[in-house]
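Undergrad: In case you want the letters, here they are:
There are 6 protein chains.
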Amino acid sequence: MFSITVKDHVMIAHSLPDPYFGPAQNMHGATYVVEASFKSPSLNEQNVVIDIGEATDILKDVLQEMAYQNLDELPQFRGILTTTEYLAQYIHGKIKSALREDLILKVELFESHVASAAYEE
Amino acid sequence: MFSITVKDHVMIAHSLPDPYFGPAQNMHGATYVVEASFKSPSLNEQNVVIDIGEATDILKDVLQEMAYQNLDELPQFRGILTTTEYLAQYIHGKIKSALREDLILKVELFESHVASAAYEE
Amino acid sequence: MFSITVKDHVMIAHSLPDPYFGPAQNMHGATYVVEASFKSPSLNEQNVVIDIGEATDILKDVLQEMAYQNLDELPQFRGILTTTEYLAQYIHGKIKSALREDLILKVELFESHVASAAYEE
Amino acid sequence: MFSITVKDHVMIAHSLPDPYFGPAQNMHGATYVVEASFKSPSLNEQNVVIDIGEATDILKDVLQEMAYQNLDELPQFRGILTTTEYLAQYIHGKIKSALREDLILKVELFESHVASAAYEE
Amino acid sequence: MFSITVKDHVMIAHSLPDPYFGPAQNMHGATYVVEASFKSPSLNEQNVVIDIGEATDILKDVLQEMAYQNLDELPQFRGILTTTEYLAQYIHGKIKSALREDLILKVELFESHVASAAYEE
Amino acid sequence: MFSITVKDHVMIAHSLPDPYFGPAQNMHGATYVVEASFKSPSLNEQNVVIDIGEATDILKDVLQEMAYQNLDELPQFRGILTTTEYLAQYIHGKIKSALREDLILKVELFESHVASAAYEE
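Chains as they are written, first to last, in the numbering used here: chain A, 1 to 121; chain B, 122 to 242; chain C, 243 to 363; chain D, 364 to 484; chain E, 485 to 605; chain F, 606 to 726.
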């Protein structure tokens, strides 16, 4: 199995309005450093899974939707607890839709130097 | 010159309401991974600049004030552009006040894997 | 599959008394930076695998048992070669016991910037 | 499943002579920071997957073949697009041949702080 | 003293044709992960040393000149040993020329996970 | 001012027998990831501060003395609190003695992902 991984980041505000989250119920924010890994059992004619430049552009485009936004005010996240796990799955879905190739995808969001969340097929 | 450095992080929301900041004028947020470096020309009787546990506790206490907060709503930041540079200096001042020893201090805030800001004496 | 990963560290002394280990037969030590990853095919009602704070606390508690200890003197490690692989499995077992949820667990111990060992189900 | 991971690096020149690669068709180069992970369902008598020193030496030896070389001029790469994915598989094969144990192997090449490629069985 | 630091990377080929460099006399290459730090004793009206976006763009533009190039063939490096130290100073000069503000600048090039070189005023 | 930085690591056991250190009074240990930075206002004829290979070898040789050792049992550390700060200065002295050139030196020891200590002239 081959894979390539690219990295970008996005800065957002949100709140997690459920007593489960303690102080994170407040409006706060995060920098998510996002790694997207694209996997395939074989390489294409150019010996790549996907061009690293193309993968980087797709990730950048997908993150653009939430860059410098308050997620609480975006209609796609209305009434949803936008946890790091949820956002990993959401970004995963968006990248999948943008891909022309049928690649296996993993998305990991690092919310600090000591915590991350991921979603993979 | 001796130094020790400790690291912690804090997740906040804020906006930067000046056209200079483009999309960052919106309510958004950041994870700041914060490094505090304490410098001294000599060591104390225990061969340390400052106990790493004590330095870690001071940094944690100072960051507690803004943890999971919207900086726009805190009175100490009213009317202030809370840039990463500004916050580095603000945290610097708070740590200095909490220190019993007269140590030279540098504070660096990493807002992503590709950008940071620092303030030092 | 969803996952979250948290990180902590522990500083220990031990020896590896078998000629196989060359100079590491001596009493020496290590800082292990420990990553614990918790995986689940679904999220709970709060859209998380496990609360990051709870995961962090569990990891911290498990590491407490060996923090600042000489593993050669702890009864649970008597007569055992406490390699990084073995300790990854040991910590894995301890975290599993502390978990209320039935999560798939991976534990990785980074013993330096160039070497790590892991155990996963 | 147990695993250990070791890290080394190699600096090479090459070109990717296919219009698909845009500016990377030029003679350029890369530092590849290479991680080799060795996996096994069980440990040996010394409680290790493979000795970290032995794993480190094997990786170093394998990388030696291309260290400070122009890959375009090495016979083993004649007419081949030496992408990061391809090189991950190539290094994977060389390490497999050097291993006495039957271990599952993953090789990941980090070509920068924002991109990597991997090959695993 | 305030500072901000931004990071980018560039992939180049070159040789170091002096017996001093042993195997690095061969045509080989490197990924340089480049950190540029901009320092100032004061902040501007927007509470920044320099806009992080502007700093990032300047660094990207400067690196563009050598991206995917064989430095041995560029006229500006004719007859010059393009060591990491030399390139740090060269990039430093180019960034200084592109800056409108009079900022103190440090440039550090990481050529691997275990070695870097820097130039600062 | 030019500088180059190289990195290596060493694994040791020791105790800090003073009540000031709480649980670290016990026999425990650490992996120190050690960065040595060599600074000079000018480059030599080969456009380097010092050859990276030579700097790497010097650092490796100096660390060899304490590799896989219990510092409490080494005569050079008898009766000394071998804190990270102290060891940074000790290693600094040893590297200085091994240097043929008159370079300014900084030594930083990372004892975990969240704490380090340094000594510089």
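Treat the hints with care, as some may be off.
To be verified - Restricting the straight-line Cα-Cα distance to at most 35 Å, the calculated cross-link-like pairs of lysine-lysine (DSBU-like) are: (1) D:K423 - F:K699; (2) B:K217 - F:K711; (3) D:K370 - D:K423.
Stated by the list, open to error - Here are the simulated distance ranges between beta carbons: (4) E:A582 - D:A430: 30 to 38 Å; (5) C:I346 - D:G456: 48 to 56 Å; (6) B:G174 - C:K338: 55 to 63 Å; (7) C:Q267 - D:P386: 49 to 57 Å; (8) B:N165 - F:E706: 27 to 35 Å; (9) F:L679 - B:Q146: 38 to 46 Å; (10) B:P140 - C:K338: 50 to 58 Å; (11) C:Y262 - A:Q76: 53 to 61 Å.
Unchecked claim - Computed from the model, here is a short list of chain A residues facing chain D with C-beta under 8 Å: (12) M1; (13) F2; (14) T5; (15) K7; (16) S42; (17) L43; (18) Q46; (19) N47; (20) V48; (21) D51; (22) I52; (23) L103; (24) L105.
Hints in this document: simulated from the structure, not taken from any laboratory. Glycine is no exception: its CB is placed at the ideal position from the N, C-alpha and C atoms.
Undergrad: When you take the CB atoms of C:I346 and D:G456, is the distance between them in 48 to 56 Å?
TA: This hint is violated: roughly 31 Å between Cβ atoms.
Undergrad: Measuring from the C-beta of A:L43 to each C-beta in chain D, is the shortest one below 8 Å?
TA: Holds - the Cβ of A:L43 comes within 8 Å of chain D, reaching about 6 Å at its closest.
Undergrad: Does the nearest C-beta of chain D fall within a distance shorter than 8 Å of the C-beta of A:M1?
TA: holds (5 Å)
Undergrad: Identify whether the interface hint at A:L105 stands, where standing means a beta carbon of chain D within less than 8 Å of its own.
TA: violated (14 Å)
Undergrad: Could you check if A:I52 really has its C-beta closer than 8 Å to a C-beta on chain D?
TA: Since the shortest Cβ distance to chain D is 5 Å, the answer is holds.
Undergrad: Regarding the hint that A:N47 lies at the interface with chain D, is the smallest CB-CB distance below 8 Å?
TA: holds (4 Å)
Undergrad: Could you say whether the range 27 to 35 Å given as a hint is met by the Cβ separation of B:N165 and F:E706?
TA: Because 33 Å falls inside the window, the suggested range holds.
Undergrad: Given the hint that D:K370 pairs with D:K423, test it: the Cα-Cα distance must not exceed 35 Å.
TA: Holds - the C-alpha atoms of D:K423 and D:K370 are around 9 Å apart, at most 35 Å.
Undergrad: A closest beta-carbon separation below 8 Å is what the hint needs, so does A:D51 meet it against chain D?
TA: holds (7 Å)
Undergrad: Using Cβ atoms only, decide whether A:Q46 comes closer than 8 Å to chain D, and label the hint accordingly.
TA: For A:Q46, the interface hint holds, since the closest Cβ of chain D sits about 5 Å away, which is under 8 Å.
Undergrad: Hey, does the A:T5 contact hint survive, CB to chain D under 8 Å?
TA: With a closest approach of 5 Å, the A:T5 hint holds.
Undergrad: Grab the minimum C-beta distance from A:L103 to chain D and call the hint holds if it beats 8 Å, violated otherwise.
TA: Since chain D brings no Cβ nearer than about 12 Å to A:L103, farther than 8 Å, the hint is violated.
Of the hints listed earlier, those the structure fails to meet are numbers 5, 6, 9, 16, 23, 24, in rising order.
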